[in-house]
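Trainee: Listed here are the chains, written in short residue letters.
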Amino acid sequence: MREKWARRIAMLTGGLVVVLAVAFAYFQNPRHRPSPAPKPPTHVAAPPLVKSGRDVYAQKGCAQCHAIAGRGNPRSPLDGVASRLSEEGIRCWISPSVRPDKSFQAQHANIELTAAQREALTAYLRSLIKAKPESE
Amino acid sequence: MNSVLSAVLWIGIYLALVLAPLAILLTGPRPPGSGFWWDLSMATGFAAVAMLGVQFVLTARFKRATAPFGIDILYYFHRTMAIIAFALVCAHYLVIRVVYPDALGTINPLMAPGYMTFGRAAFLCFTIVIVTSIWRKSLHIPYYGWRLTHVLLTTAGLIFAGIHIEGVDYYYEAPGTRPFWVAFVSFWVLLVVYVRLIKPWRMRQRPYRVMDVKAETTNTWTLAVQPEGHAGLRFHPGQFAWLTLRASPFALKEHPFSISSSAERPQRLEFTIKDRGDFTHTVSTITPGEIAWLDGPYGAFSIDRYVMAAGFVFIAGGVGIAPIMSMLRTLADRQDPRPLLLVYANNQKEGIMFEEALEALKSRLTLRVVHLLLLPPSDWQGECGLITQELLEKNLPENRQQLEYFLCGPKPMTQCTEAALHALRIPLRQVHSELFDLV
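Chains A and B, in that order, are what the protein sequence lines are. The first sequence: position 114 = 114 (the numbering used here), numbered continuously. Add 136 to the 1-based position in the second sequence for the numbering used here, that's all there is to it.
Bound conformation, chain A alone:
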């Protein structure tokens, strides 16, 4: 009898938690847009430095915190980053030591880039220009 009630309350709690989690995800994404589907990289004929930057991006695990073309962590997408930041801005952004933001520094503490890697990564990020709307 008591076992049955305990099971019911456990199931009720589990159910409520799942409902609230789904509600949170739903309200966070009002139009219930599906998570962006991974798309193939668009830099088919990219210059060597950009290709090298793409390799640096992959090797350093940048996708743990960032997404490009729907691949990686969607919290901080980098699509069109070159339309938002200047080259200098990007360079600054990928040099945690010059940023005053301590949590940013902590999250990037294990990412050490050589000057060449920084140049390549900057070139790659510079290639991520926001696509123009089709109507234009």
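It is possible that some hints are incorrect.
[Said to hold, decoys possible] Under 10 Å between C-beta atoms, here's a sample of chain B residues computed to sit facing chain A:
hint: 1; residue: Leu-145
hint: 2; residue: Thr-180
hint: 3; residue: Leu-210
hint: 4; residue: Met-217
[Stated by the list, open to error] Now the in silico label distances, taken between C-beta atoms and shown as ranges:
hint: 5; chain 1: B; residue 1: Val-318; chain 2: A; residue 2: Val-19; range: 26 to 36 Å
hint: 6; chain 1: B; residue 1: Leu-260; chain 2: A; residue 2: Val-19; range: 26 to 36 Å
hint: 7; chain 1: B; residue 1: Thr-163; chain 2: A; residue 2: Ser-76; range: 22 to 32 Å
hint: 8; chain 1: A; residue 1: Val-19; chain 2: B; residue 2: Gln-403; range: 44 to 54 Å
hint: 9; chain 1: A; residue 1: Arg-84; chain 2: B; residue 2: Ser-142; range: 49 to 59 Å
What the hints contain is simulated information worked out from the structure, not anything from laboratory work. Glycine included, C-beta positions come from ideal geometry on N, C-alpha and C.
Once you've looked at the hints, dock chain B against the given chain A.
Mentor: Quick look at chain B alone, frame taken from chain A:
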């Protein structure tokens, strides 16, 4: 407070604690969405940590919180909720693994960000805890080792999960959210400190001295203790306590045993203990004068919760007679006139405990005792076999539907008896039993 109201209140507090993090996520300021599946994964992660944190409260043995339910059922609930919470942890990981595999990055702790490694470490801790708890006996893990590992791994897992949440930093920047999470995780860690350090320290201040160890059968003993320099323990008949002997209260080497003595005589507490291996195997070697510590009383298995009952039926199997002896002795000390029936099942005649004590109680109570043996000797005059519907129908009084039923014995016996009573149209709310051996 009415016990139903009290139960509803505690269930409400439990739900509030578990749901608080999700409610804060839903109602507080938050960054824009990142896709349904991503946000669902984050929410299940938060919810799982909240549920795992509350697990500490369920086993913290707060007497007021356990009283309406009985601590056995809270341990059962703790076990069920742990499985549900772990399923949420798995869901948190699997959604990312399937939908956003690149976001997981490398598993190599030298290359991965610290907070991701802590997340993986927390997952590993919780996985070990679940596997070793569900399959402890199959894996032949000794109880002491399991218990110590359980405490250490759950605490470590929760701290690691807290560091993971702090490092991931989502839904964490909003005003009030960070202090909430820091307070949330700190509270559970402080709770562990209270349960594992402060409570044992308080137990040490209230020692008991062993007065007597008496053999009831070839493998069952009654251990009597009395308080040393303090008032002792007030309990309801049928309750139990955790007993620590030959170890420090800090050592986690405590065992739950039913009290078999009268609740009206708290100056001498008796525990009837059957040899089941490990600690119980050493009871026969305990000598008068040794020091013991008690944590209790606990349990909702008591006649005192049903003061208006027309009478009681007790159905015991083997050493399950212990809490029932406490109830019978207490009723005798209270000169209770209500009709009582005891059905006492054993495998063999040699296994019958308290035979003389039961005979003596008959003269002080309106008590009928029905002995039942599975393997009776040739000259046995009593009932034989298992507890069946027919046996109960034959022995229960006419007013059987007005009585309260207390069942204590091996799980198969309890389950069969519950089914038989149900078939006899005895309302299940009048049938009380206790759960043992959850791990």
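Trainee: Please go over all the hints and tell whether each is borne out by the structure.
Mentor: Comparing the hints with the structure gives:
{"no.": "1", "hint": "Leu-145", "result": "violated (14 Å)"}
{"no.": "2", "hint": "Thr-180", "result": "holds (5 Å)"}
{"no.": "3", "hint": "Leu-210", "result": "holds (8 Å)"}
{"no.": "4", "hint": "Met-217", "result": "holds (5 Å)"}
{"no.": "5", "hint": "B:Val-318 - A:Val-19: 26 to 36 Å", "result": "holds (27 Å)"}
{"no.": "6", "hint": "B:Leu-260 - A:Val-19: 26 to 36 Å", "result": "holds (29 Å)"}
{"no.": "7", "hint": "B:Thr-163 - A:Ser-76: 22 to 32 Å", "result": "holds (24 Å)"}
{"no.": "8", "hint": "A:Val-19 - B:Gln-403: 44 to 54 Å", "result": "holds (53 Å)"}
{"no.": "9", "hint": "A:Arg-84 - B:Ser-142: 49 to 59 Å", "result": "holds (58 Å)"}
In the structure shown, a violation is registered for the earlier hint numbered 1 alone.
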